[in-house]
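A.B. asks: Protein chains in written order, with the numbering used here: chain A, 1 to 348; chain B, 1 to 368.
Don't read these hints as lab results, they were simulated from the structure.
Incorrect hints may have been included.
Now the stretches of chain A that chain B is said to cover, found in silico as 3 or more residues with beta-carbon under 8 angstroms [stated by the list, open to error]:
hint, segment
1, 82 to 90
2, 217 to 226
3, 287 to 296
The structure displayed is predicted, hence computed values, not measured ones.
Don't be surprised by glycine CBs; every beta carbon is placed ideally from N, CA and C.
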Amino acid sequence: MRSMHIPGEKREGLLFGLFSVTLALLFIADILSGSVLIPAGEVVKALLSPPEAAETVRTIVLGFRLPKAITALVAGCALSVAGLQMQTIFRNPLAGPYVLGISTGASLAVALFALGFAPVMALGFTTTGSWTLAVVAWAGAFAVMLLVLFVSSRVNDNMTVLILGMLFSSAAGAVVSILQYFSSESMLKAFIVWTMGSLGSITTDQLTVVVPAILAGLLLALAKMKDLNAFLLGETYARSLGVSVFRSRLWIFFSASLLAGTVTAFCGPIGFIGIAVPHLARVLFRTADHRRLLPAVLLLGGNAMLLSDLIAQLPGLQATLPINSVTALLGIPVVVWMIVRNRKFATL
Amino acid sequence: MIAQATPYTLEADHLSMGYPAAGQDPGFVRTGISFSAGRGEMVALIGPNGSGKSTLLKTLAGFMPPLGGNIRWLGKALASHHPRELARLISFVSTENLRIPNMRVADLVAYGRFPYTGWLGRLRDTDLDMVRQALTKTGLELFAHREVITLSDGERQRALIARALAQNTPFILLDEPTAFLDVSAKYEIFQLLRQLASGEGKTILLSTHDLGIALREADKFWMLTAAGCFQGAPEDAVLQGWLNHLFDNPHMGFDKKGGDFFFKTEQAGSAHLSGNGEGLEWTRRALTRLGYAVVTAPPQEEEPGPGSSTPTLPPALAGKSPQPTISVIVAGLPPDTLEWNLITAHGKEKFHSLHALLSHLREIPPHP
Numbered sequence: 001m002r003s004m005h006i007p008g009e010k011r012e013g014l015l016f017g018l019f020s021v022t023l024a025l026l027f028i029a030d031i032l033s034g035s036v037l038i039p040a041g042e043v044v045k046a047l048l049s050p051p052e053a054a055e056t057v058r059t060i061v062l063g064f065r066l067p068k069a070i071t072a073l074v075a076g077c078a079l080s081v082a083g084l085q086m087q088t089i090f091r092n093p094l095a096g097p098y099v100l101g102i103s104t105g106a107s108l109a110v111a112l113f114a115l116g117f118a119p120v121m122a123l124g125f126t127t128t129g130s131w132t133l134a135v136v137a138w139a140g141a142f143a144v145m146l147l148v149l150f151v152s153s154r155v156n157d158n159m160t161v162l163i164l165g166m167l168f169s170s171a172a173g174a175v176v177s178i179l180q181y182f183s184s185e186s187m188l189k190a191f192i193v194w195t196m197g198s199l200g201s202i203t204t205d206q207l208t209v210v211v212p213a214i215l216a217g218l219l220l221a222l223a224k225m226k227d228l229n230a231f232l233l234g235e236t237y238a239r240s241l242g243v244s245v246f247r248s249r250l251w252i253f254f255s256a257s258l259l260a261g262t263v264t265a266f267c268g269p270i271g272f273i274g275i276a277v278p279h280l281a282r283v284l285f286r287t288a289d290h291r292r293l294l295p296a297v298l299l300l301g302g303n304a305m306l307l308s309d310l311i312a313q314l315p316g317l318q319a320t321l322p323i324n325s326v327t328a329l330l331g332i333p334v335v336v337w338m339i340v341r342n343r344k345f346a347t348l
Numbered sequence: 001m002i003a004q005a006t007p008y009t010l011e012a013d014h015l016s017m018g019y020p021a022a023g024q025d026p027g028f029v030r031t032g033i034s035f036s037a038g039r040g041e042m043v044a045l046i047g048p049n050g051s052g053k054s055t056l057l058k059t060l061a062g063f064m065p066p067l068g069g070n071i072r073w074l075g076k077a078l079a080s081h082h083p084r085e086l087a088r089l090i091s092f093v094s095t096e097n098l099r100i101p102n103m104r105v106a107d108l109v110a111y112g113r114f115p116y117t118g119w120l121g122r123l124r125d126t127d128l129d130m131v132r133q134a135l136t137k138t139g140l141e142l143f144a145h146r147e148v149i150t151l152s153d154g155e156r157q158r159a160l161i162a163r164a165l166a167q168n169t170p171f172i173l174l175d176e177p178t179a180f181l182d183v184s185a186k187y188e189i190f191q192l193l194r195q196l197a198s199g200e201g202k203t204i205l206l207s208t209h210d211l212g213i214a215l216r217e218a219d220k221f222w223m224l225t226a227a228g229c230f231q232g233a234p235e236d237a238v239l240q241g242w243l244n245h246l247f248d249n250p251h252m253g254f255d256k257k258g259g260d261f262f263f264k265t266e267q268a269g270s271a272h273l274s275g276n277g278e279g280l281e282w283t284r285r286a287l288t289r290l291g292y293a294v295v296t297a298p299p300q301e302e303e304p305g306p307g308s309s310t311p312t313l314p315p316a317l318a319g320k321s322p323q324p325t326i327s328v329i330v331a332g333l334p335p336d337t338l339e340w341n342l343i344t345a346h347g348k349e350k351f352h353s354l355h356a357l358l359s360h361l362r363e364i365p366p367h368p
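Same shape as in the complex, but just chain B:
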């Protein structure tokens, strides 16, 4: 079966970018970048600091001349688009922190109409409509007359996105829109961009360091790593091990199962973990942090009632090497009745918080 090729609306083909070395300046050049994005796709540009994410965005937007290769927007070469035409095609949200006194949110958003207005920049009714719509879509209706400098970081980022929306372009490029934001603001921004991509068919390209959210929300990853470039579904990036290339540090890695990064610690021993519910996963994390190699067993048929179980290690693990040094059984339900039963060679103990359990484990020698 031949799959219908997606009509890519943005293509970078064997692109070379950066600026060549000059005098003392070592320069920065990156070659062989081939990426593409389609209509309605939300693409996350991922890479360590200094990998060229910003440079790529600037090169794609035409702010920097490419050193080689081709960039095509809507099938037409970047260089053959007139600046004014590009302004109606691509809007850009930079990392710059705009702190301009006396500028109201509505003024900032109205900047988006710049490519559509005459030499005086007078806003017609259609322009004002676009400004209002952009404010509504970003949930900033009530902020229209607030000064931009009085906004929180998250609100300001939304205002900048509203400005890009008012520009009414099929493409929005954003350079680290979630940097410096608190967790809930990060999610709000991703959610907003998600809506714009799915709901309005805009192609959204954003660079970000927030891998967890990007993995969940992005349609596509473009990755710039020391090992090369990758493009594909975020899940492909995980399965093909590309996320490990984000680290120089050999002690760090990406846990494919947990969907999160981990820091490889010294092995303290192995732990057998059983029980059910949310408590299980968070106990696993806590024990992993302490350096235990955790083996999770399926929930037991019969929950061991308090005091009923004997202090022995589960026979299922008897033949395995290394012999688990501890066994933890999670019982009860969060948040109130949760408890942890620890079985070690020293005996059995019960804890009512992970903190108490971990404090105890730090005290006892892992290898008796």
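Chain A with its partners taken away, still in its complex shape:
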């Protein structure tokens, strides 16, 4: 509604500008910081003209920090967009890939794959292995999404769907425990490290899977942006506006599975970004229109994950904190505040 003189358009432009700048700053800060202190000049040199930089600096910056920063950026975008899609499709402000058990579905699939099919683990560090891992996670995420959809079409109650998501997470946890019991020590350690979530374990090789998969998911999300608007009014209105509800929802699920599944497969289950960021976007940008919310969520998601990563490796700390704990501590206050505020505003 460009020409309807809606107030706040200027404000919106400013916000987009502001968060683009902070995104760039956070990205740079993320590359500059780490457990080893490297002067900024050296980092820049390694980035711009690698041959001139010292061997170790080059390895750390190009082989470790840059992939990690890119991972943080795309993972933040992916989880936040998936969260926005879930909240709109289920018309549930508390929905998100983690809360609904979609990340758990991906985790379970990965666990079954990694722990249950031990010989296949050898594939884990090759490109083929990465793709297999990703496909398994997508399938797991998609399966849970369909399950949640089935339940939510029968039980028209937000809380019940969330409780079922929790129950599903517990069940998946139980299955994983059983798998762990029967698996070897080294695999167990690898799996436990994976469940704590890590942005840094991604190799440049794996990035060639992660980035295209997430880009595909985001493109699909963009293509279905208009339909998301219709779903905001509920299924009846979406249908009456000419949306092929079944097909459109399937595409959106597919997109969310790609986004949440990929992140979960390679970074572990990262919670609360997906649920908190869309709410922040709604509050800051004051819109319900997905054509503006989606870019806003992308920006804020990238910001949030890069910030979490920076906190996880606070200067002075030798070890890196599990990213999962940082996002939980950042995201949960937002969710709590949203629940309190939600007393006034019933649905989204």
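Model the placement of chain B on the given structure of chain A, informed by the hints.
C.D. replies: Coordinates of chain B only, in the frame set by chain A:
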């Protein structure tokens, strides 16, 4: 003389609808529904709760597959309309209470342009024009930038109708648009829909429980009752006694003369009522509520002046059975000089409000 048949633009022919029983679910199926509506008609869908009003609307709109029979929109079978085509034919206003933060009225109304815009949903000038027109027609110009959640129930309902208008469809289906509204908002909504039907030739189908207003405003009734289905003019429904089928309760009925529902009470006695003006009708209602069988006499030639009449019952009723136990004469003009003269076997008394009269009547035994 052969009447020219109205070209019906919406037809339901021997329609079966609902969903079959499955497991514990007893299901809900209704068969043999044949209804039709023409251009510019405002049709009120009437029926008790659970009679299938919402199901019928959803089935007609294509949200639910029919179990049998035919539905034709503009002479073409529902199933052969593409979803996108249907969206330009029928707009729907559901009972759902939309509470979406940050959504402005203009945003909501612009949703109506959804079937006309491209994949980005970008609004062209014609779309913006339609949105503005819809806002104007519903009297919401000044509300365009208000958030939907801050609107009153009546305003929100108007915004939802504006959204349907922006969709620019020849048919508008509304599921209980007047539920939860206060009296004046109910009338406003009916009036708005009336204008859209008469003024713009839209076919409007709405389900409602507000019979009084529907009787006055609707062109046609479609009724779903336990006794079967009815379609016709609202007045036909009254005269053929269909409104009585809206009740399970044998003590309730529809008063054809008063155009209102009544609750059959125990007979307290009979009352003879005379006088003129507005006071007469409201006195009749009050006495009826108290349980009197009221007989209204034509206004008397000579108004009995205060103190001039003798405390006797009118001779005109002497031969009738049962003998009226009381007689009430309404005199004066509302609102200030209205007074009620009560004549009973105990004597004559004067009251200055119906409340005083009724309080007195509750005290005295009806059958002396």
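A.B. asks: Each hint should be assessed against the structure and marked as holding or not.
C.D. replies: Tested hints:
| no. | hint | result |
| --- | --- | --- |
| 1 | 82 to 90 | violated (count 0) |
| 2 | 217 to 226 | holds (count 3) |
| 3 | 287 to 296 | holds (count 4) |
In terms of the numbered hints stated before, the structure departs from hint 1 and from no other.
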